[in-house]
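*Asks:* Here are the chains, one letter per residue:
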Amino acid sequence: EVQLLESGGGLVQRGGSLRLSCAASGFAFSTYAMAWVRQAPGKELEWVSVFSGIGGTTYYAESVKGRFTISRDDSKNILYMQMKSLRAEDTAVYYCAKDFSPFGAGMGAYDIWGQGTVVTVSS
Amino acid sequence: QSALTQPASVSGSPGQSVTVSCTGTNSDVGLYKYVSWYQQHPGKAPKLIIYEVANRPSGVSYRFSGSKSGNTASLTISGLQAEDEADYYCSSYTSSSTLVFGTGTKVTVL
Numbered sequence: 019e020v021q022l023l024e025s026g027g028g029l030v031q032r033g034g035s036l037r038l039s040c041a042a043s044g045f046a047f048s049t050y051a052m053a054w055v056r057q058a059p060g061k062e063l064e065w066v067s068v069f070s071g072i073g074g075t076t077y078y079a080e081s082v083k084g085r086f087t088i089s090r091d092d093s094k095n096i097l098y099m100q101m102k103s104l105r106a107e108d109t110a111v112y113y114c115a116k117d118f119s120p121f122g123a124g125m126g127a128y129d130i131w132g133q134g135t136v137v138t139v140s141s
Numbered sequence: 013q014s015a016l017t018q019p020a021s022v023s024g025s026p027g028q029s030v031t032v033s034c035t036g037t038n039s040d041v042g043l044y045k046y047v048s049w050y051q052q053h054p055g056k057a058p059k060l061i062i063y064e065v066a067n068r069p070s071g072v073s074y075r076f077s078g079s080k081s082g083n084t085a086s087l088t089i090s091g092l093q094a095e096d097e098a099d100y101y102c103s104s105y106t107s108s109s110t111l112v113f114g115t116g117t118k119v120t121v122l
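Chains H and S, in that order, are what the protein sequence lines are. Okay, so the first sequence: first residue is 19 according to the working numbering, each after it adds one. Okay, so the second sequence: first residue is 13 according to the working numbering, each after it adds one.
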């Protein structure tokens, strides 16, 4: 079964750091772009970042550029998001998501999503 | 990058058809075929229902269809059913090499 399982969320003070993890199983992880998408309470989905499957290209939303770093360990099938200088507006459920097509840049469609991990930034 | 514009809500009776619009610019929706639609039930993760404007992933009901004209994409749900009541989001690739989601539309089955 294709599955994504996020972890690492929690309560952190403003200005603090947190690292999220997303463990993948059931598919050839290294060949797929993987992304992080977040959703603040009662708000719309917001794309955060993507790591392509081949070539290692990364992209970020302007709202997190310079503060968040996406990475992946293809030997362990894990996607990461290192978050620093956290702000109240970073409070959200963070989902990891798998690109629909292999060898893509990860900007098309996401067909598998995790259950999400909650990040709360307190002031 | 501003969110794509969707109506806050649409509603219809069982069996009817409803259409959700998604308006962007000539730097995203109008420029690329990479428009997707997601269905999200309360407390759940989003589910991909349309990719590349009009394609349905395996297992998604034929009642969901997508199209695009200029800077506006549309999702049509035909034969509306109670289980279709959910939030719907569009997304598009952008000329800045990012992805942008829509503001979301709540579909209510009357």
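Hints in this document: simulated from the structure, not taken from any laboratory. Some hints here could point you the wrong way.
Only pairs whose alpha carbons sit at most 25 Å apart, straight line, appear in this in silico DMTMM-like list of lysine to aspartate or glutamate [claimed, not checked]: (1) S:K45 x H:D129; (2) H:K61 x S:D99; (3) S:K56 x H:E107.
All figures in this text were calculated on a predicted structure; none of them were measured in a lab.
*Asks:* Against each hint, give a clear statement of whether it holds in the structure.
*Replies:* Quick rundown of the hints versus the structure:
no.	hint	result
1	S:K45 x H:D129	holds, 17 Å
2	H:K61 x S:D99	holds, 11 Å
3	S:K56 x H:E107	holds, 21 Å
Against the hints set out earlier in the document, no violation occurs for any number.
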